[in-house]
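Chains as they are written, first to last, in this note's numbering: chain C, 9 to 253; chain E, 10 to 251.
Please note that the accuracy of each hint is not assured.
[Said to hold, decoys possible] Under the rule of at most 20 Å between Cα atoms (straight-line distance), these lysine to aspartate or glutamate pairs were calculated in the DMTMM-like manner:
1. C:K249 - E:E66
2. C:K249 - E:D84
3. C:K100 - E:D84
4. C:K47 - C:D58
5. C:K47 - C:E166
[Said to hold, decoys possible] Residues from chain C shown here face chain E by an in silico Cβ test under 7 Å; the list is partial:
6. A16
7. R27
8. G88
9. T89
10. R92
11. M94
12. A95
13. P97
14. A99
15. D191
16. L194
[Unchecked claim] Computed list of chain E residues with no C-beta within reach of chain C, every gap over 12 Å:
17. V21
18. R23
19. A35
20. I59
21. R85
22. Q110
23. R137
24. T151
25. D170
26. A179
27. E187
28. L216
29. A220
30. E223
31. Q227
32. Q229
Honestly, the hints are just simulated from the structure, not real lab data.
Cβ atoms here follow ideal geometry from the backbone N, Cα and C, with glycine treated the same way.
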Amino acid sequence: MSAPLVAATAVRVLGQLRRDPRTIALVFIVPCVLLALLKYLFDEQPETFDRIGVPLVGLFPLLQMFIVTSVTMLRERTSGTLERLMASPLAKLDLLAGYGAAFALLATVQATIVATFALAALELDTSAPAVAVIALAAANALLGMSLGLLASAFARTEFQAVQFMPAFILPQLLLCGLFVPRDRMLDALEILSGALPATYAYDALETLASDGALGDGGMLDLAVVLGVTTVALVLAASTLKRRTA
Amino acid sequence: MTAAIETDDLHVVRGDRLALRGISLAIQAGRVTGLLGPSGSGKTTLLRAIVGVQVIESGHVRVLGEPAGAAAVRDRLGYTTQARGLYDDLTVSENVRYFAQVFGARADRVADALETVRLTDLADRVVRTLSGGEQARTSLATALVARPAVLVLDEPTVGLDPLLRRDLWATFRTLADEGAALVVSSHVMDEAAYCDDLVLLRDGAILARGAPDELRAQTQTDDLADAFLRLIERDVREGARA
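Modelling step: build the complete structure from the supplied sequences, incorporating the hints.
Written as structure tokens, this is what we have:
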């Protein structure tokens, strides 16, 4: 792996996003609007908003980086640039690490904006330190990015890539414990949720929100998130073939 | 003199059909080699095999003495695909700079490359807003920025007006004169006159090859487009008799 090539690729990916200010605005503003909506939806149950606020701030990056990454990589495949890069000296790892650096940066900015908005403007009441929430949000963004890179290998069109979000990410969010605590699920669903990475992403955020610190359980959750991210990246790298039929 | 590119009995299968059926050829440095043939004749597949991104069934491809696609040759080879292969959201110079970095070229080569394709004035324009001809020149700039020894260009002039096509071929000539081996595909037969060597593909096999004058003599016509039509018709007749 070459640090200058990773940096050059990250700058290139961020440059592509920069020319699409509407996407950046959507990435930053939509989570804030949705959180504001929830705040007033639960106007008479402020404890509910306080319970789900921190996990949501940390889960939005997973959702959005999945979509943005899978579409960006799909464009790379369909525009001919990926084929040209595969014929060039660029290592696959340089390309994937460049994507990782670019989207982790974007997600950190997003999480900072959304967390600050939730804490200051929406008066989210939590003992979780903002810096820890932002760090977990960045880790979840990397998870979303690596799953998006992997998913893009199975999409032929941008329509398909976008549909992978409700197909692969939404079920994980439904089962992660945010809507129904896992111990109150049917046994089969509880087992299934234990096999899905978003469950651990949620669990770490939930632990942070209720205890004010990650603790051993939360650290284990974070390790699972980072482990799944690594496995998904390795699988994504294996879908990047120098030679194709 | 060793050839810059050599293929030996190259066979490629795409889907359930044989896309290349035993291609053997040698391409020299310092020359513009035109790869011509109708759509679907296997031009893109052959170029993909040369740059090392095509899975091959059997046979060999060597570029600059190395197996095609080897790490030792990838940094000395420029390649443009028919679909331009540019980042539409980036400017001309951002595209060229990224490819310069990927190939380890010095930063000051970016300006030279833009000068070569006469895009200096459009350096800060976003590629999406450019005309087809400007995009074609940008694509060429990204391929030549690292001064590669081998340039593989897949239909670089497709869809462009005659004036611009002539300019691009003049640029190819300059690069060959500086010592590079150029392989340029086209399905427009009248571009053959710009080439030093010609390879005519039909149905995954080499139908004819040689310098333009040799092909004119062989087919007893001055017009290269006519020459190719005669060669194809002769091939069809012989195929029907066999």
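To see whether the hints hold, each was checked on the structure:
1. C:K249 - E:E66: holds, 16 Å
2. C:K249 - E:D84: Roughly 18 Å between the alpha carbons, so the hint for C:K249 and E:D84 holds.
3. C:K100 - E:D84: The given pair, whose Cα atoms are some 15 Å apart, holds under the 20 Å limit.
4. C:K47 - C:D58: holds, 9 Å
5. C:K47 - C:E166: violated, 33 Å
6. A16: holds, 4 Å
7. R27: Interface hint status for C:R27: holds (4 Å vs cutoff 7 Å).
8. G88: Result: holds, 3 Å to nearest chain E Cβ.
9. T89: Result: holds, 5 Å to nearest chain E Cβ.
10. R92: Because about 4 Å separates C:R92 from the closest Cβ in chain E, which is inside the 7 Å limit, the hint holds.
11. M94: holds, 5 Å
12. A95: holds, 4 Å
13. P97: Holds, because the Cβ-Cβ distance from C:P97 to chain E comes to roughly 4 Å (cut-off 7 Å).
14. A99: It is violated, given that the least Cβ distance between C:A99 and chain E is near 9 Å, above 7 Å.
15. D191: Since the shortest Cβ distance to chain E is 47 Å, the answer is violated.
16. L194: violated, 46 Å
17. V21: violated, 9 Å
18. R23: violated, 6 Å
19. A35: holds, 21 Å
20. I59: violated, 9 Å
21. R85: violated, 9 Å
22. Q110: violated, 4 Å
23. R137: Check fails; 8 Å does not lie beyond 12 Å.
24. T151: Label violated. Min Cβ-Cβ 8 Å, cutoff 12 Å.
25. D170: Non-interface label stands for E:D170: nearest chain C Cβ at 22 Å, farther than 12 Å.
26. A179: Correct as stated: the minimum Cβ-Cβ distance to chain C is 24 Å, above 12 Å.
27. E187: Non-interface label stands for E:E187: nearest chain C Cβ at 21 Å, farther than 12 Å.
28. L216: holds, 25 Å
29. A220: It holds; E:A220 is separated from chain C by about 29 Å at its closest Cβ, greater than 12 Å.
30. E223: holds, 31 Å
31. Q227: Given that every Cβ of chain C is farther than 12 Å from that of E:Q227, nearest at about 34 Å, it holds.
32. Q229: holds, 40 Å
Violated hints, listed in ascending order, are 5, 14, 15, 16, 17, 18, 20, 21, 22, 23, 24; each of the other numbered hints is respected by the structure.
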